[in-house]
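Participant: Can you build the whole structure from these sequences, using the hints too?
Under numbering that gives the first Met the number 0, the first residue of the sequence shown is numbered 0, with each subsequent residue one higher.
Worth flagging that the hints you see were computed from the coordinates, not collected in a lab. The C-beta atom is built at its ideal place from N, Cα and C for all residues, glycine as well. Nothing false has been slipped in among the hints.
In silico SDA-like cross-links for lysine to any residue, where the CA-CA straight-line distance does not exceed 20 Å:
1) Lys-50 <-> Ser-72
2) Lys-129 <-> Val-139
3) Lys-177 <-> Leu-86
4) Lys-87 <-> Leu-119
5) Lys-77 <-> His-94
6) Lys-186 <-> Val-141
Okay, the calculated beta carbon distance ranges per label pair:
7) Glu-174 <-> His-78: 29 to 39 Å
8) Gln-145 <-> Lys-43: 37 to 47 Å
9) Ile-185 <-> Ser-53: 12 to 22 Å
10) Ile-118 <-> Thr-90: 16 to 26 Å
11) Thr-74 <-> Ile-118: 35 to 45 Å
12) Gly-55 <-> Lys-200: 37 to 47 Å
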Amino acid sequence: MSAVNKNTNHTSSSGDNCGGSGLGTSAALIEIEELITEHSDKYKTTNETCKVMSGGCTDHCTVGPNVFYRSVSNTEEKHFTRVDSVLKCATIVEHATAAYGANDDTVSAIDPNKAKCNILEKRSQGIRWKALRELVRAEVNVGQPQKYEISARVMLQAALEAELVSAGSDPVQQERAKRRFNRLLIKLNASQRNDDNGLVKET
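Facilitator: Here it is in structure tokens:
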């Protein structure tokens, strides 16, 4: 487990190449990082306020991906298991950032209550999780056949379109979807040493 800054709420996921959890571990790590970046931008905090770190093997492969949370005061530690969806990632981030401002849909783009019954939101979440897994696949196969990068780009675009459909006419949610897409595309471009062509315009 990595060292924790005493002024930092800390989440740590099991290792990037966890055999038991496959690509899901790194997908969860990327999603949690993205949500915390959004939170930091919204509430003008820094990424040091709530830090995400990759840890080593926790020997909990059968219930992975695993995320461990430790509070600023070290008075609370929590083990989240089966973090295998964007909804579960959002739940962790909302828990970790609760001390720094009320979370709303601009942070996670997910309303846990609505997600139980809104088909468009559930579809959007599922496509985004697949896109995250393809992003990880492209990152770990740099220099391999271009199909991995192409697949990641196709899935990221599909995730954006699904999230825009789910957002409907809500401009806040539409802009949130675009910010998420751009951050993830920049991450993909960086791993492939490409430029930032393909970013969508944010208003």
